[in-house]
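Participant: Just so you know, the protein sequences line up as chains A and B, in that order.
So the mapping is simple: the numbering used here equals the position in the first sequence, first residue as 1, plus 127.
So the mapping is simple: the numbering used here equals the position in the second sequence, first residue as 1, plus 932.
It cannot be assumed that every hint is accurate.
[Stated by the list, open to error] Here are the simulated DSS-like cross-link-like pairs (lysine-lysine), alpha carbons at most 30 Å apart as the crow flies: (1) A:K535 x A:K453; (2) A:K535 x A:K564; (3) B:K1153 x A:K382; (4) B:K1054 x A:K210; (5) B:K1153 x A:K644.
Worth flagging that the hints you see were computed from the coordinates, not collected in a lab.
What follows is each chain in one-letter form.
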Amino acid sequence: MFKLALSSFKHRWRDYLVLFSGLVMSSAIFYMFEALATNKDFLKQNSMISMIGYVFQFGSVLLTIITLVYIGYANSFLLSMRKRDYGLFMLVGARKGKIGQLIWLETLLVGILATIIGILLGTGLTTGVSHLLVQTLDLTLKHFSAWYTTAALVTLVLYVGLFLIAGLFNLIALTKTPALKLLHSNDQPNRPQLHPVRQIIEVLVGVISIGIGYWAMSHLIDLQLAGIGIALVTIVLGTYLLFNAVFVWLVVLLKRFNWAQRGLNRFTLSQLSFRIRNYTKILSIVAMLFALALGAITTGMGFHQQVPLMAQGGSAYDLSLVNPTKAQQKTVNQLKPIRQATYRYKATTKVIYYNAADFNQQPFYTTHTIGKKQMSFKLVKNNAQQLKKSFYNYQLGDLQATVNINKKAVFLSAKAYHQLKQPEMQLVVFATKDFQKHFTTFKHLTKQQAKRSVNTRIGATGGRYYGYQVFNGMYSGLEFMGFFLGVAFLAMLASCLMFKILSGAAADRQRYRMLDKLGTTRSQLKKALRQEIAVLFILPGLVGIVHVLFGLQMFKIIMVTSPYQGIWLPFGIFAILYLGYYWLTLKIYQRLVL
Amino acid sequence: MPTTPIMTVADLHKTYGKAGSKQYEALKGIDFDVQPGEFVGIMGASGSGKTTLLNMLATLDQPTSGEVTIHQQPITHLKGNQLADFRAKEIGFIFQDFNLLETMTAYENIALPLMLQNVASKKIRPAVEQVATQLGINDFLTNYPNELSGGQKQRVAAARALINEPAILFGDEPTGALDSKSARELLDMFTKINQEQAVSILLVTHDPFSASYCQRILFIKDGKIGQELRRDQLSRRDFYQQILDTLGTFEQ
Ligand SMILES: Nc1ncnc2c1ncn2[C@@H]1O[C@H](COP(=O)(O)OP(=O)(O)OP(=O)(O)O)[C@@H](O)[C@H]1O
Ligand SMILES: [Mg+2]
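Assemble the whole structure, with the sequences as input and the hints as a guide.
Facilitator: Below, the structure written as structure tokens:
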């Protein structure tokens, strides 16, 4: 008996490989997610806003739902693979109890093994991805480690639990069905039918529930955690209903057109309608994953773009130097500054005295926010008198040496200034055309200043460069979460689609062989494959994009800028990745099937 | 009768296995002609090379040497689109199983060759209905293959093979999986289309009853044609007896 089971295992190792690698991938990604979500220290450290915790709970629940469907899907694949075998065993006279044991064991074994390998792989992936992100995005991470025991436990418990249920389900499904039915259970066609009333209701309910979900996401401030729950349920449900109604309707309708009678179009439509139940499920999942991945990357990139903007909003100058050396001054000049000023000052323990004449000759620029939008600025010139009254005069203080930052600034007439006994110092401030270009020079200058300050006690530097460091530190965690999750969800999406497509390859292979025998040209076959797979990519892509556009509303709370600012960039990058992935899937499938 | 044959087979050889590895010569020089409108049977013991021969004739496999000509066209070196076009226009086949695409209804299965040729969609439905009527499967056109009996499936397969009016129809044990009643119906249908439409048929079988429907039978033994039997004016019952006798001596 065991030998029999093992022999068919050997026979179908290719299918098992698809199943197994799919499960490994899924658990690996789940672990990656949990490694962030369960790491409380990391979350606390990196979120000034408690909302981020909710967002992770949202993600956790959503991913669990997706995992549920994924495992259900993998399980039915396993079941369909084994149905014939077990039917045969029963015909040969094997006892049901014995077969039941075998099914149970097989499901659990495959499941647990895949989960353990998945967790290990997940740890490896987490290390790799986080390393890559920290390097390329210049991030600083604290309290983050690739191995997180809680995450591993959560993953293991969820998966083993699900497989226990799946095993039980298989047991009942297989032992309750008569042997003959098992033998012929593969490839039952679905007859897609038009029930106009039912489908209109489905569309209505779908659209309404998605609408409620969008509304909930944009009113997260009022609804708090409940909003996330509402959005979660309604959007998943709505997406599924919408696909269910529209997809069936589309396939049935398209068949009526003359276009459907040409070449292999009818065949492709039949392929789609034959597996329509599977396809609507997978399309909904892919649409959700697409939205999550794209949303996460867009948000991550949003945070990334925010850092230089905020730095720019904090000061009109890139850097300040106290008493620069001749060499330092030369370096500054080589940067071709667009603004530069030197202000003389004398400092007591409480007050900094400036020579007002300096400010009247070289006005000091402050940045002001315009209107309600926090990320639009204008530059304003100030002479000594204006600066004294300006609300924004703290920007001068920020540029001072650290020892002087909290001292009161007083602007004196030249005469009064010269009577002061304190030693005279110079504050040099400057701005270049693009401050992000000169980071290495700034870093060099800052280091020199820090070294000198040990002896001269003249402190460090301020300005946009300094602001950039501060904000980058603040946002790194959020950025990292965005990109990391984006990558994880994209991988999950890839494995979902790949799994779906590959699990049908064996059956499709026979069909395409037959088409070939009937005199189909190779280009026709290739075109049919392209179309079938394109449908699986395009539909969820479109829905996913819409979800993201609305979902970004959530981040209005966290982001200073509009979350929609510059989204063409992440969308573009994502489109290229997605297209590349389509191409790869197509090539693999063509190799398997043709 | 000095008509030009619809198919000629000249000195056909097939060796399985690559040079150097273990080789097996399945066909050792086969020669024969098929006249237009002829109904020819090919018989032989299991493993004698019947399927191998048919695959070669139906362009599904390439011979090691020799040539097959259908409609004056040499077919052994057709490739790519030419091969696809040839299969779609000139020949039809029915196999023992794996005949139909289970994702498509009977109607769609039958219409497929016409769609592949991009025939105007207006002409497709009448054409399908005509063959379907001829083969008595009008009532099942909206069924999926798994909703059809074995005999009905083979008739759908036959309809699909006939829809583009091929020069020659190949069958590899098409009655193999059928009970005797369904087998008889299918064979009657073959005879009918053979007589009414003058379609040439080449039928591989190991079953003497099926073979008795043919006009001429080629017996294959060890990769060669060992004997040929003509029905001429015999009744089918007598021909059947003759086949049994021949098999008795031939197999020894
Ligand atoms: N792909 C192959 N590679 C190697 N040998 C093969 C291959 N296909 C067939 N053979 C061998 O060629 C011989 C003829 O096989 P073929 O399938 O033509 O027999 P057949 O007459 O159709 O038998 P049956 O009545 O059992 O279907 C057999 O000995 C078989 O083992
Ligand atoms: Mg054979």
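Participant: Keeping to a limit of 30 Å between CA atoms, is the pair of K1153 (chain B) and K382 (chain A) held or broken?
Facilitator: With a Cα-Cα distance of about 50 Å, the restraint between K1153 (chain B) and K382 (chain A) is violated, given a limit of 30 Å.
Participant: Given the hinted pair K1054 (chain B) and K210 (chain A), is their Cα-Cα distance within 30 Å?
Facilitator: With a Cα-Cα distance of about 43 Å, the restraint between K1054 (chain B) and K210 (chain A) is violated, given a limit of 30 Å.
Participant: Check whether the Cα positions of K535 (chain A) and K453 (chain A) lie no farther apart than 30 Å.
Facilitator: holds, 29 Å
Participant: Holds or violated: K535 (chain A) and K564 (chain A), Cα atoms, limit 30 Å.
Facilitator: violated, 33 Å
Participant: Is K1153 (chain B) close enough to K644 (chain A), meaning Cα to Cα at most 30 Å?
Facilitator: This hinted pair holds, its Cα atoms lying about 27 Å apart.
When each numbered hint is compared with the structure, violations occur for hints 2, 3, 4.
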